[in-house]
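J.: Guided by the hints, dock chain X onto chain B, whose structure is given.
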Amino acid sequence: MKLQSAGQIALVVAACAYLLSVYLMSSPVWIGFTINALIVAIIALSWNITGGFGGMSSFGHAALYGTGAYASAILQVQFGVNAWIAFGFGIIAGAAMGGFIGALAFRYGLKGSYFALVTLAFAEVLRICASSFAITGGGSGLQLRLDPGVGTLQFPDRTVFYTILLVVVALVMLLTLLIKKSRFGAYLVAIRENEDAARALGIDTYKIKVQAMVISGAFGGLAGALYLQLFLFIDSTVVYGSAVSIEALIGPIIGGAGTVWGPLIGTLGLHLLSEGAKHLLPNAPGLNFVLYAIVLICAVRLLPRGLMGLAALFGTFNSRKDDDHA
Amino acid sequence: MSSLILPAVLSGLMMGAVYALIALGLTLIYGVLHIINFAHGSLLMLALFAVYFLNFYLGIDPYLAIPIVLPVFFALGYALQRGLISPMSSGSEQNVLLITLALSMIIDNLALYFWTSNTRSVDIPYAYDTVEILGAFLPLGRVIAFGAALAAAPLLWLFMAHTRTGSAIRAVAIEKRGAELVGIDVNHTYAVCFGIGTACVALAACLLLPTFYVTPQVGYTFVLVAFTTVVLGGMGSLLGALIAGLLLGVIESLCGLFLGESLGQIGIFVAFILILLFKPSGLLGKVGR
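Residue numbers (our numbering), protein chains in the order written: chain B, 711 to 1036; chain X, -1 to 287.
Only chain B is shown next, with the shape it has when bound in the complex (with noise of 0.2 Å):
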């Protein structure tokens, strides 16, 4: 990714020292906040596989989240299956969901407000089957034993998860980054643009989209399970509800869809500003949303490539001009 001007290289570099100075400051407060934070961005680099680089927008990426959480945790309350293996099949879980979703609203060609309505309809069927069903716990959710230890995949020590989760999103930062400069990154962004024209130019953009969903979902899949190590319950509400959904699409769009950069840095400026929020406004639960979707409606109309769109803008390097926004 090059970066293309002093704005970006200065907002990714503020990002990256609040991630580091979040070890000096010592306080579980601030790593709790940003540990939430970070498994938010990594649902938000999801969204921004298909959303961001391939134009398709979800508004029901919690079905893949809670796919992802769901299939570990069954897996490990109802069958004993040790944790990391129930993780990876959460990721594939996902991958699988992704895929399926995509399969079937591609084939018939759906996109623009129709996929939204459709990504939509999937999460809220999965919500209603989680919340009705034995195996999912019903409405009581499913919880984890509690059982600290490197083979289960749970550390009470919060400094250790921080570390753990701030490598698997430089890990899936950097996938994205390899997808943005393959050609399979160039085909989505083609399809993004002009979808007519990417296929007679004699791209599989049915392929292409679906194989998009599968890679959207495993990081989605791995969202959610990485939650349910950390907080080792999850009911339906939390994991498919809308919530998720819509967290998942505002943190690229404010931060810039289609960069590398934008969900982690949208996700994290979001975050802080909702915890300036909570300071001013002790006791109002929900007040954060109303301050998102301030935010989201500010972000559509001023900034159409996001935060990075607009970092763009300042401190240009001249030496090269195209439109490649990192």
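Simulated from the structure, these hints should not be mistaken for lab results.
A portion of the hints provided could be inaccurate.
Simulated restraints on C-beta separations [what the hints assert, rightly or not]:
no. : chain 1 : residue 1 : chain 2 : residue 2 : range
1   : B       : N792      : X       : H32       : 31 to 37 Å
2   : B       : L983      : X       : H32       : 42 to 48 Å
3   : B       : L983      : X       : I66       : 52 to 58 Å
4   : B       : P995      : X       : L153      : 38 to 44 Å
Just so you have them, the derived chain B footprint on chain X, three or more residues with Cβ under 8 Å [what the hints assert, rightly or not]:
no. : segment
5   : 155 to 162
6   : 200 to 206
7   : 221 to 232
8   : 262 to 271
Ideal Cβ positions, reconstructed from N, Cα and C, are used throughout, including at glycine.
T.: Chain X in isolation, oriented as in the chain B frame:
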């Protein structure tokens, strides 16, 4: 079991008429503005609260609240389209989705903040009256809602077919530039259309509340059902929305009967996914997407 099917179908039809009324507003907005209004359910929730508070503080019967709530919500819809959605979205389809999503987040969470998540319902003398139809006992409020919703649909159609405003709306829907050239104020017409769509929701709220409840989360359930109804009926088709609403009411009721109450809505969403996948143009739609 079979003796339960007829009452279930009838009560499904009653609920379906209200779904149809909510979907009429949504499909009208889609048919003319070509936008999906994500905040439709939140506006319904807001209207339910308006009717509830009119009853709670002023003792106004939900049905008598119609002449008050309808114009207010028409004006609200008009103002939202003209003042927020249109200027903020710069005409892109995805932007409209995001703006209306943001709008619904604002309305829902402010409602949660100010009115808490308590479930409220109105206290009216005829709440438990029932009517016997074909051997099935149905709540009076549901029967009234059924009749009123079915009456509203042809009224809306007459308005669209025979008034100058209706003609202008249809003209803008078919050919925006052409309508502009013959002197129709397109932005005004769009906003009027959005206002009518919102007024449909207000009417639905007045009809729903006597036999339903209101919480800040109630809109989300309805908005998904309304999307399904609109897609099943064929985006933009008024008659389609009416038929689809009734059909979905019956599907929900039968699924609730056979699979258990909590899974009733599964039938609706499975229907939604199946329609989107196999016939995205809907029952009466001509063009997909």
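J.: Hint by hint, say whether it matches the structure.
T.: Evaluation of the provided hints:
1. N792(B) x H32(X): 31 to 37 Å: The hint (31 to 37 Å, Cβ to Cβ) is violated, given that N792(B) and H32(X) are roughly 52 Å apart.
2. L983(B) x H32(X): 42 to 48 Å: violated, 33 Å
3. L983(B) x I66(X): 52 to 58 Å: violated, 39 Å
4. P995(B) x L153(X): 38 to 44 Å: Hint holds: Cβ distance 42 Å, inside 38 to 44 Å.
5. 155 to 162: Violated, because only 0 residues of the segment 155 to 162 of chain X bring their Cβ atoms closer than 8 Å to Cβ atoms of chain B.
6. 200 to 206: violated (count 0)
7. 221 to 232: holds (count 4)
8. 262 to 271: With 6 residues close enough to chain B, the hint holds.
The earlier numbered hints that this structure contradicts are 1, 2, 3, 5 and 6.
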